[in-house]
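Participant: Produce the complete structure using the sequences and hints provided.
One gets the numbering used here by counting positions in the sequence shown from 1 and adding 93 to each.
These are computed hints drawn from the structure, not numbers from a lab.
Hints are supplied without guarantee of correctness; some may be wrong.
What the hints assert, rightly or not - PhoX-like cross-link-like pairs, simulated, lysine-lysine; straight-line CA separation at most 25 Å:
hint, residue 1, residue 2
1, Lys148, Lys179
2, Lys100, Lys183
3, Lys180, Lys148
4, Lys100, Lys146
5, Lys177, Lys148
6, Lys180, Lys100
7, Lys146, Lys183
8, Lys146, Lys179
9, Lys177, Lys146
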Amino acid sequence: MTYSQEKLMLALYECFAIGEGDARDRLSKAFQYFLFNLREEHFSIEHWSRFNKVKGRLTKNGPLTAINGEVIVGSFENGKNGMKNKKASKLIMELVMIYRELNA
Numbered sequence: 094m095t096y097s098q099e100k101l102m103l104a105l106y107e108c109f110a111i112g113e114g115d116a117r118d119r120l121s122k123a124f125q126y127f128l129f130n131l132r133e134e135h136f137s138i139e140h141w142s143r144f145n146k147v148k149g150r151l152t153k154n155g156p157l158t159a160i161n162g163e164v165i166v167g168s169f170e171n172g173k174n175g176m177k178n179k180k181a182s183k184l185i186m187e188l189v190m191i192y193r194e195l196n197a
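Facilitator: Laid out in structure tokens, this is it:
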């Protein structure tokens with residue numbers, strides 16, 4: 094099992110399958126706990142591109158910071174703000190598809 098397969102499997106089980114909250118919460122927690130440190134070298138070019146699009150969508154708002162620059166809310170947690178649950182479900186499905194392809 095590769096590192097990316099292991100991390101995706103943990104995210105799928107711990108966050109998506111048995112985690113609490115709606116799809117936005119589960120997606121945010123999956124990145125906070127398991128997927129945040131996956132990098133390009135952990136994937137093929139195609140899978141990295143797809144994974145990175147999901148990550149980019151979740152972090153597009155960036156962190157919420159105070160005037161002094163202190164991070165109040167991280168990028169993953171802040172990224173779910175304004176995201177519809179339906180969109181989060183689609184992003185989760187993309188991660189499931191990547192995981193399935195890596196294990197084929």
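Participant: Just pull the numbers of the violated hints for me, sorted ascending.
Facilitator: Result: no hint breaks.
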